[in-house]
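First to last, the protein sequences are chains A and B.
Mapping of the first sequence onto our numbering: position 65 corresponds to residue 65, and the numbering continues sequentially without gaps.
Mapping of the second sequence onto our numbering: position 86 corresponds to residue 86, and the numbering continues sequentially without gaps.
Quick list of in silico lysine-lysine cross-link-like pairs, DSBU-like style, CA-CA up to 35 Å:
{"hint": "1", "chain 1": "A", "residue 1": "K15", "chain 2": "A", "residue 2": "K57"}
{"hint": "2", "chain 1": "B", "residue 1": "K26", "chain 2": "B", "residue 2": "K69"}
{"hint": "3", "chain 1": "A", "residue 1": "K57", "chain 2": "B", "residue 2": "K56"}
{"hint": "4", "chain 1": "B", "residue 1": "K26", "chain 2": "B", "residue 2": "K56"}
{"hint": "5", "chain 1": "A", "residue 1": "K57", "chain 2": "A", "residue 2": "K17"}
{"hint": "6", "chain 1": "B", "residue 1": "K56", "chain 2": "B", "residue 2": "K70"}
{"hint": "7", "chain 1": "B", "residue 1": "K69", "chain 2": "A", "residue 2": "K57"}
{"hint": "8", "chain 1": "B", "residue 1": "K70", "chain 2": "B", "residue 2": "K26"}
{"hint": "9", "chain 1": "A", "residue 1": "K11", "chain 2": "A", "residue 2": "K57"}
{"hint": "10", "chain 1": "B", "residue 1": "K70", "chain 2": "A", "residue 2": "K57"}
{"hint": "11", "chain 1": "B", "residue 1": "K56", "chain 2": "B", "residue 2": "K69"}
{"hint": "12", "chain 1": "A", "residue 1": "K57", "chain 2": "B", "residue 2": "K26"}
FYI, nobody ran anything at the bench for these hints, they're computed from the structure.
Quick caveat, the model's predicted, so the values are computed rather than measured.
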Amino acid sequence: GAGVSQSPSNKVTEKGKDVELRCDPISGHTALYWYRQSLGQGLEFLIYFQGNSAPDKSGLPSDRFSAERTGGSVSTLTIQRTQQEDSAVYLCASSLVSGQPQHFGDGTRLSIL
Amino acid sequence: SQQGEEDPQALSIQEGENATMNCSYKTSINNLQWYRQNSGRGLVHLILIRSNEREKHSGRLRVTLDTSKKSSSLLITASRAADTASYFCAPVETSGSRLTFGEGTQLTVNP
Chain A
1 GAGVSQSPSN
11 KVTEKGKDVE
21 LRCDPISGHT
31 ALYWYRQSLG
41 QGLEFLIYFQ
51 GNSAPDKSGL
61 PSDRFSAERT
71 GGSVSTLTIQ
81 RTQQEDSAVY
91 LCASSLVSGQ
101 PQHFGDGTRL
111 SIL
Chain B
1 SQQGEEDPQA
11 LSIQEGENAT
21 MNCSYKTSIN
31 NLQWYRQNSG
41 RGLVHLILIR
51 SNEREKHSGR
61 LRVTLDTSKK
71 SSSLLITASR
81 AADTASYFCA
91 PVETSGSRLT
101 FGEGTQLTVN
111 P
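Please take these sequences and the hints and turn them into a complete structure.
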């Protein structure tokens, strides 16, 4: 079956622009997670969805970052007024239920010029 | 949530040798998970060990858990060049949902 799909795989944009990153989780997975990984670093948690609600959004670094999930499936991470420090790989993961093994997409590599 | 701390940061071995990576954490856990990340890819789940388990095997992987020392180890036996990757541990708290990762162990297996 299909794994977690993220699009685009690469995004280059100018500082100040808004970007939208998409995640298609594995069908039937109720939990969805967004992480950020800077060059050579570990993963930084951003937000967790259970169904369409986000019980834990404590990792979002600023109010320029937002995310939503619709239909208990697709999720979009939006970064407004991008800054150079937003450059990173943004990874999405899903799991059948929270606390269980997570399945990761290959990420979106975001570069802010 | 809590972060796992992997040790060593980097490990370089020859093909056929065994590789051991360690993980320490700070508070009570429900389970602990190990993941692998190949360069430019997402993480791949390797193995989950529950807090009431002491050892678990999966193929060439052996994971141990010592809750009294709040530590875990991942052993890869008879390593292959394809095992070259970063390895991360993720302790999951009893009421936890998210995974929190350290900076991982970068394993290089030389042919």
